[in-house]
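Chemist: Just so we're aligned, residue 1082 is where the sequence shown starts under the numbering used here, counting upward by one.
By construction, these hints were calculated from the structure, which means they are not laboratory data.
Please note: incorrect hints may appear among the correct ones.
What the hints assert, rightly or not - List of simulated lysine-lysine pairs, DSS-like, C-alpha gap at most 30 Å:
1) LYS1396 - LYS1287
2) LYS1111 - LYS1433
3) LYS1288 - LYS1258
4) LYS1402 - LYS1365
5) LYS1433 - LYS1237
6) LYS1284 - LYS1404
7) LYS1258 - LYS1184
8) LYS1375 - LYS1108
9) LYS1287 - LYS1111
10) LYS1287 - LYS1316
11) LYS1404 - LYS1365
12) LYS1238 - LYS1184
13) LYS1237 - LYS1411
14) LYS1109 - LYS1280
15) LYS1280 - LYS1375
16) LYS1203 - LYS1215
17) LYS1404 - LYS1280
18) LYS1287 - LYS1108
19) LYS1396 - LYS1365
20) LYS1203 - LYS1237
21) LYS1417 - LYS1365
22) LYS1316 - LYS1434
23) LYS1365 - LYS1375
24) LYS1109 - LYS1238
25) LYS1109 - LYS1316
26) LYS1411 - LYS1365
27) LYS1434 - LYS1109
28) LYS1396 - LYS1288
29) LYS1111 - LYS1396
30) LYS1111 - LYS1122
31) LYS1402 - LYS1417
32) LYS1411 - LYS1258
33) LYS1144 - LYS1184
34) LYS1153 - LYS1284
35) LYS1153 - LYS1288
36) LYS1411 - LYS1433
37) LYS1417 - LYS1284
38) LYS1389 - LYS1237
39) LYS1280 - LYS1237
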Amino acid sequence: MNILIIVDDFSGGAGNVAQLLAIELSKKHKVSLALTNRHSKSRYNLSEISVYDENLNITGKNKIAGLLSAIKRLRERLQTVGAEFVISFLDNNNTMACLMLRKTNIPIIVSERSNPLVIYPKFPWNYLRRIAYKRADVVSVQFDIFRDFDGGRYEKKCMVTHNVIEQPSVFKTEWEKPTVSFVSMGRNADVKRFDLMIKIFGKLLKKCSNVELHIFGAGIDNDTLRAQVDAVGGKDSIHLHEAISNVHEELVQHDVYLMTSEQEGFPNALSEALAVGLPAVVFKCHQGIGDLVKSEENGYCIDEGDEKNFINAMKILALDKYKRQTFGQKSISIAKRYDDQSVMQEWEACIKKAILNRSGRD
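Starting from the given sequences, assemble the full structure and let the hints guide the process.
Modeler: Written out as structure tokens, the structure is:
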């Protein structure tokens, strides 16, 4: 089968899943990858996959004209590669892909890669999505709880495809260091709430003297966060770093992973931390997070807004080496449930369902 995969860029969770999916599908099918807004390089070997930079621009004054032009470009790519099946990632791409396929009988899977219960397309994309998704054969979401998005309009079409958690080559083995190192990773965005993390960690510093915090990410080392570090008395204990590429190798240098995000889909940085064997303390920004971090098994999944229990959870892990180690081992086993083979089975089920739905043999 000839498959066209549409995603914005190589970077980010959607780009990562799209590439891994393309690599796996290319073992049995001819696969093309269309990037609608490429600005990064791939870290995978895509030699068996045809990659196209579409560079779609729909941000001009006449957005309708831009949208129509983008759909035309995608349709031309569809015809050029001779695609018989389409998989699209991210809501705006999904909308264009579905509109592109009107008056065709080509099956399509559209994949929502954030939390669609709380993150909505802006006008006019919100209305366009409702029209376009009538053409979708399967709507992929990351957790079962997300099936009910947009008032449950697409619930019957929804199937769950988790993110792949890549299995690392290194694992956490050293638990004897006198200083317990907490770590977090992510871009400098309000939704990540690193300001809240620094505030909470400042309170932990008053209870525990043997702790430190390291935060890694693009734009993290900035004046605003540095000022907050100073304000909580964390100058010698809270460290801000820019993004790194050797993620697994860095994570094993630390002891506990923290996540204070207001919203996440399937959090990639948390997943990487679990894979190397770190326990985690996280805010439960949606119910699906509890599938990854189970309280008293591999960390603590704290109810949103409960800063007191978040601090207590950090303190428990800071003081108990045995808990850190046993929770870390459980993290590894949880991460293995989402290895590439397991997630690819979910995608294969989606593909079969989409073909059945399109043929009317549901």
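Chemist: Hint by hint, note whether the structure agrees.
Modeler: Results for each hint:
Of the supplied pair hints, the one linking LYS1396 and LYS1287 holds, its CA atoms being roughly 11 Å apart against a limit of 30 Å. Restraint check for LYS1111 and LYS1433: satisfied, since their Cα atoms lie roughly 17 Å apart, inside the 30 Å limit. Between LYS1288 and LYS1258 the CA atoms are separated by roughly 19 Å; this keeps the pair inside 30 Å, and the hint holds. For a cut-off of 30 Å, the pair hint linking LYS1402 to LYS1365 stands: about 24 Å separates their Cα positions.
A threshold of 30 Å between alpha carbons decides the hint, and for LYS1433 with LYS1237 the separation of about 15 Å falls inside it, so the pair holds. Of the supplied pair hints, the one linking LYS1284 and LYS1404 holds, its CA atoms being roughly 21 Å apart against a limit of 30 Å. Note on LYS1258 and LYS1184: the hinted pairing is violated, with a Cα-Cα distance of about 63 Å set against a maximum of 30 Å. For the proposed pair LYS1375 and LYS1108, the alpha carbon gap of about 35 Å is over 30 Å, so the pair is violated.
The straight-line distance between the Cα atoms of LYS1287 and LYS1111 is roughly 58 Å, outside the 30 Å bound, and the hint therefore fails. Between LYS1287 and LYS1316 the CA atoms are separated by roughly 14 Å; this keeps the pair inside 30 Å, and the hint holds. A distance of roughly 21 Å separates the Cα atoms of LYS1404 and LYS1365; the hinted pair therefore holds under the 30 Å criterion. Our distance criterion of 30 Å between C-alpha atoms is met by LYS1238 and LYS1184, whose separation comes to about 20 Å.
At roughly 34 Å between alpha-carbon atoms, LYS1237 and LYS1411 are farther apart than 30 Å, so this suggested pair is violated. Distance restraint check for LYS1109 and LYS1280: the Cα-Cα separation of roughly 51 Å exceeds the 30 Å cut-off, and the hinted pair is therefore not satisfied. Restraint check: the Cα-Cα separation between LYS1280 and LYS1375 comes to about 24 Å, which is no more than 30 Å; the hinted pair holds. Between LYS1203 and LYS1215 the CA atoms are separated by roughly 19 Å; this keeps the pair inside 30 Å, and the hint holds.
A C-alpha spacing of about 25 Å is found between LYS1404 and LYS1280, which places the hinted pair at or below 30 Å, so the restraint holds. A C-alpha spacing of about 55 Å is found between LYS1287 and LYS1108, which places the hinted pair above 30 Å, so the restraint is violated. Straight-line distance between C-alpha atoms of LYS1396 and LYS1365 comes to about 18 Å, which keeps the hinted pair within the 30 Å bound. Restraint check for LYS1203 and LYS1237: satisfied, since their Cα atoms lie roughly 24 Å apart, inside the 30 Å limit.
For the given pair, LYS1417 sits about 21 Å from LYS1365 by alpha-carbon distance, which is consistent with the 30 Å threshold. At roughly 54 Å between alpha-carbon atoms, LYS1316 and LYS1434 are farther apart than 30 Å, so this suggested pair is violated. For the hint pairing LYS1365 with LYS1375, the CA-to-CA distance comes to about 10 Å; that is within 30 Å, so the pair holds. Between LYS1109 and LYS1238 the alpha-carbon distance is near 25 Å, which keeps this suggested pair within the 30 Å criterion.
About 54 Å separates the Cα atoms of LYS1109 and LYS1316, which puts this hinted pair outside 30 Å; it is violated. Note on LYS1411 and LYS1365: the hinted pairing holds, with a Cα-Cα distance of about 19 Å set against a maximum of 30 Å. Taken as a hint, the LYS1434 and LYS1109 pair is honoured in the structure, with Cα atoms around 18 Å apart against an allowance of 30 Å. Proximity of LYS1396 to LYS1288 is assessed by CA-CA distance (about 8 Å); at most 30 Å being required, the pair is judged to hold.
A hinted pair counts as satisfied when its Cα atoms are at most 30 Å apart, and LYS1111 with LYS1396 does not qualify at roughly 52 Å. Restraint check for LYS1111 and LYS1122: satisfied, since their Cα atoms lie roughly 22 Å apart, inside the 30 Å limit. Of the supplied pair hints, the one linking LYS1402 and LYS1417 holds, its CA atoms being roughly 23 Å apart against a limit of 30 Å. Restraint check for LYS1411 and LYS1258: satisfied, since their Cα atoms lie roughly 21 Å apart, inside the 30 Å limit.
With a CA separation close to 23 Å, the supplied pair LYS1144 and LYS1184 stays within the 30 Å bound. With a C-alpha separation of about 55 Å, the suggested pairing of LYS1153 with LYS1284 is violated against the 30 Å cut-off. A C-alpha spacing of about 60 Å is found between LYS1153 and LYS1288, which places the hinted pair above 30 Å, so the restraint is violated. For the hint linking LYS1411 to LYS1433, the alpha-carbon distance of about 33 Å lies beyond 30 Å, and the restraint is violated.
Only pairs whose Cα atoms come within 30 Å are accepted, and LYS1417 paired with LYS1284 is rejected, the gap being roughly 34 Å. Restraint check: the Cα-Cα separation between LYS1389 and LYS1237 comes to about 40 Å, which exceeds 30 Å; the hinted pair is violated. Proposed proximity of LYS1280 and LYS1237 is contradicted: the alpha carbons are some 43 Å apart, above 30 Å.
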